[in-house]
Amino acid sequence: MHSRRLRMDGRGVVDGFGAGEAIVTRQAMSFFGGVNPRSGIVIETGHELEGRSISGKVLVFPRGKGSTVGSYVIYGLRKYGTAPAAIVNIETEPIIIGGCVLANIPLVDRLDKNPIEKIRSGDWVEVEGNIGSIWVTKGQLRTQLSKQ
Amino acid sequence: MFITKTEERILEGEEGEARRLAMKLLVAIGDAYEAKRMIKVRSAQISGVSYKTIGEPGLEFLEEFSSRGALATVRAMLNPAGMDLARWRELGVPEEFAQKQLEIMRCFRNMKIQPTCTCIPYFTEGSSLRGQHVAWAESSAVVFANSVLGAYTNREGGPTALASAILGKSPLYGMHLDEQRTPTHLVKVRCKLENDLDYGLLGYWIGGDVGSHIPRINSLHGAPSYDQLKALSASMAVSGSVPMFSMNKRADKREEHEAIDVDREELLKTHRALSSEKEFEHICLGCPHLSLKELRLIAHLVSGRKAMKKLWCFTSRHLRDAAEQHGYVGTIEQAGGKVVCDTCMVVSPIREMGIDGIVTNSCKAAHYLRSLNRVESCLISLKECIKYALA
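Protein chains in written order, with the numbering used here: chain E, 244 to 391; chain U, 18 to 408.
Calculated from the structure, these hints are not laboratory results.
Glycine included, C-beta positions come from ideal geometry on N, C-alpha and C.
Among these hints, one or two may not hold up.
[Claimed, not checked] Just so you have them, the derived chain E footprint on chain U, three or more residues with Cβ under 8 angstroms:
1. 40 to 53
2. 121 to 134
[Claimed, not checked] Computed list of chain E residues with no C-beta within reach of chain U, every gap over 12 angstroms:
3. Arg254
4. Gly263
5. Phe274
6. Lys322
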């Protein structure tokens, strides 16, 4: 069974451990004006994740964009109990780093495999920010496990 | 990155929770950008001051951070707030918004951060910044500081600039390193720039083209004024994330670039994309904040006349006081205009104040008012704005 658990190694940017169901997008994310901190729902018009909740999930997206106020929105997500369990980026940047430090959210980037391609929404992902590694269990397998 | 014993102690929380968090943030950024070490900064300029932009999460963070004993240890300044801190009632700012804004100001005051509330701190910072390292967040001021004043700063965000204010340090990477400041794009300006608006349009076009790279701008006729460079810096930082530009006539030895030509046609195209053709009843000037020279010009143009439309002139409290002493504020307000300070049209709740379109000379304001507020702008030069206000 464990052979189905895919490991990827990268860079731990913000420490801590987080695990949850993945929510994946190919699009950059702006938290300022893009996510409602009270509900944890993506509100950016036309975004792939518009209308979806990021609460408690492992949020996988290429990089941050937009205003640096986005860091405070990420802090707000923690404060209102709607924060993601962890964030995985292809290449991160200061808005996301700032938010993750303020909100204590583990953050990993520069993985040895492309996380946007290898992880599907619904997969179970464990993120170890201290060493910069993540473990992915495919969605279907996890559903089987949870039924047992 | 390398951290000193003292920095490590701070990281372990020996100097309190606020300093630990600030250090954790700067070290995380420094590691991500492969900074060698921390560098001392002379000042920090913090963005994310208006309640309109930072909202409840920002206010709650500032309350928590200041209550944990965060204190600025270097000169620390603020970007514009969401309202004139003295005359907000008269200008129609909603009561609830005002109370939140005042709470934000209290948090900053508790952290010993000066309520300068301006996007042009370089007009207030008396002494020369040449060769000095600073941590500034206002994007237009970052470009101006690096390009015109010869200072060294990265494009900081609200939280990182705040952390630098507390620690007096910033990670040594990017624009703090000489070798990172070499232009990569050569922009040849093929037309004569007539006024402030032309400089804004040029900047907006350049930013859209070079993105986050450094352009060297060639063939600018004559020596542009500080006010023109202010407009150029601001719009370049909005359409792109340009950290600096160069105006050196000669290329740096290390320079390798792509050449781009700009003609009147490009400026007209940029104008068509940004400007509305509608006429509006509100004229807003001062994004970035008006300099003393610009306030003098406006006073001169309106002297003894009467504005037929609403004319709002935004500047810093410091410069408003100076302008008052010169009699400019009196002249402008006698003509029916208002000299508003601590804020600007971009960060104040202008929709809630009943404004759905403005006339301005600022490409930056036109960009943000459309994208963040659904407010349209008609873009004309400063002199034309005044003429329009008087007609």
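Checked hints:
no., hint, in the structure
1, 40 to 53, "holds (count 6)"
2, 121 to 134, "violated (count 0)"
3, Arg254, "violated (8 angstroms)"
4, Gly263, "holds (21 angstroms)"
5, Phe274, "violated (10 angstroms)"
6, Lys322, "violated (6 angstroms)"
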